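Top line first, the protein sequences correspond to chains A and B. If you count the first sequence from 1, position 34 lands on 34 in UniProt numbering, and the numbers rise without skipping. If you count the second sequence from 1, position 81 lands on 81 in UniProt numbering, and the numbers rise without skipping.
Hints were generated in silico from the structure; no laboratory data involved. Among the hints, a few may not be true.
Just so you know, same-sequence chains aren't split out, so a pair can sit in one copy or run between any two.
Calculated pairs, SDA-like style, for lysine to any residue (alpha carbon to alpha carbon, straight line, at most 25 Å) [unchecked claim]:
| id | residue 1 | residue 2 |
| --- | --- | --- |
| 1 | K163 | Q8 |
| 2 | K44 | F321 |
| 3 | K380 | V292 |
| 4 | K324 | S247 |
| 5 | K303 | Q283 |
| 6 | K284 | E362 |
| 7 | K324 | L119 |
| 8 | K380 | L132 |
| 9 | K348 | D246 |
These numbers were taken from a predicted model, which means no experiment stands behind them.
Number of protein chains: 2
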Amino acid sequence: MSGSKFQQAPHKLLAIPGPIEVTNEVLDAISQPPMSHVSPGFVKIFKECMDMTRQVLYTTTGMPFIIAGSGTLGWDEVSSNLVEPGEFVLVVNNGYFGDGFSDCLRAYGASVDHIRAPLGDAAPSIDVERALKKRKYKVIVVTHVDTSTGVLSDVKAIASVAKSVSSETLVIVDGVCSVASEEIRMDDWNIDVVLTASQKGLGTPPGLSILVASEQAIKVFESRKTPVTSYYASWQKWLPIMRAYDSGTPAYFATPPVNMIYAYHASLKQITSGLEERFRAHQKASERIKAVAKQLGYRQIPKKPSIAANGMTAIYVPDGFVPKDIIPRLTEHGIVVAGGLHKEAKDKYIRIGHMGTSVVDEGRGDIELIEKALKASVRK
Amino acid sequence: MSGSKFQQAPHKLLAIPGPIEVTNEVLDAISQPPMSHVSPGFVKIFKECMDMTRQVLYTTTGMPFIIAGSGTLGWDEVSSNLVEPGEFVLVVNNGYFGDGFSDCLRAYGASVDHIRAPLGDAAPSIDVERALKKRKYKVIVVTHVDTSTGVLSDVKAIASVAKSVSSETLVIVDGVCSVASEEIRMDDWNIDVVLTASQKGLGTPPGLSILVASEQAIKVFESRKTPVTSYYASWQKWLPIMRAYDSGTPAYFATPPVNMIYAYHASLKQITSGLEERFRAHQKASERIKAVAKQLGYRQIPKKPSIAANGMTAIYVPDGFVPKDIIPRLTEHGIVVAGGLHKEAKDKYIRIGHMGTSVVDEGRGDIELIEKALKASVRK
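Required output: the full structure, derived from the provided sequences and hints.
Encoded structure:
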């Protein structure tokens, strides 16, 4: 499948829920000599990244913000640009990352209410409806896939219910662990912000914060009454820059991470060449890995298959085993996986990532390798 | 000089004041397959980056913060961690970047006073002394080299005078355009924070915010009375992470940009192999370029040689020429330079960067190429 002459150094398979394995084309792109961030060549690449990011999220009118940072920076963007101090935010919280986003919102002065789902569960949209009827929320925040548990939220249903109860409320999706591995149709589903990072489904090394805002979100931002409460994350600074690049003109606020942008561009070209096929490949790989894990006595954290992510698997280790023995065994068999992260079950489960080229390029044999390693992990 | 088998793609010489040309070793390192950010291999590389960053700044006790972002993010770190809302900050302002830092400080609630130097000049330390005697400042901020004008401030003298008048005032140096091209002795000179980015003297592609804080700065941070006013830039989040990596243990707040860290590591290894030699090489190259420019009728923006940076040259184009003709001519002759940035003289001058491998590796012939292109630029 790879047309690049670039050869990756031999290494163990990176099967954590981000960073993930990347293609030869991505590594070839990242190693190009840096060019000027205001040169016509770079402006073209950046503009194409904006357009392809829109494509991945099925939006024609969304405004992408692509900034040096980690996924977390997207939380700052939402908290400091779309919420004014004292305004109410509803967080649909199903784990570690819901807690983190809430912390961030509070740091910038928001009043945060929660709908909490128990470990392994997703909050039902009826709870969202009830909460929105009780109080006026400026924004509602949902983690699409909580990387700590692999729980997938039904963001389509939540956005639909939210907009029908309160059309002015902005729907924010934390898609760090879902963009390009789960379908998200921003325009059709009425989602106002999707924020993510480069190192998961987007198949690029970590180092880019990627966020797309709807026209409604931009309007809400532009009609703020109080000053933006951040600087590096401020859309007052970034919006003119993104608009300039979007119209083919360079502009300067902070130096863009040019090599990371080349890498992202190379990955987006591969991703947008077959988006629906890509989602299906993620589903297929996920089903295979989850089925093998089940046979071996591993137990899913998500309580139902319908709320389990397609880009990762979070599983309790079989009885009689502990992660601190299983993880090194998996490494011996060639795959690097992640330990638990959710505080209630930290030492009882492991997390496996299966996103991007590992699931799309079957010739790599990555899914077979994960299956083999899982089987070896519980052999006596 | 290069021992790497990696070959860069042919390209025009990047001679802007950042991003700069990088070595084959740096591009080889950035194109390694991503590894887990909590693996022992990555922890070792990150820890070595922290130690070598200390070496570059001649500090043994400073705490480095290395985060995905641009240099600007360092402003947010200072403004939201070291200054509490309403506290007074003195900005020694000699251009575009002093204005930017002030904006950032105000966004987080600081009360900002300025000492402004006219275009091409640096504020004398006597003015700093006078200001500090009039009012108690929490921090004083100095841009070491203002990338918009090439003016070099005497941060050693300013820190000395500041600490003698008000020992509790923290001295903050914006070293984005000076670290590794100008000498900075953090411990000896009593500097509390040096903030910078990866893409200038540090010879790495853009995408890393790098900041080192003194023990006094960390103490001031730890004795804050009000909550930190940012999230992604919050040391409450980052300090435990940096301390963990510093002691050889992984920790997680936001995913570090692993490939950027490999690249930074490769560059730091080259930089720390001969730091004083490197500073001399920058001085020598700078003198050569400035002398040639003078012969050709270009005129320095910095009013005296003693306040001209060694890593870049900002020059008014000769009479009868305009930058928008000169810049494409320079490109035709193989070098990419930057236009003006300071609002008072934007369309009258150009900026040339001469940092990192371009000045250290004489075998590349970069300085000769810049000289030749400059000569060709004014030929009738």
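Open item on the list: Taking the earlier hints as the rules, which of them does this structure contradict?
Closed with: 1, 2, 8 and 9
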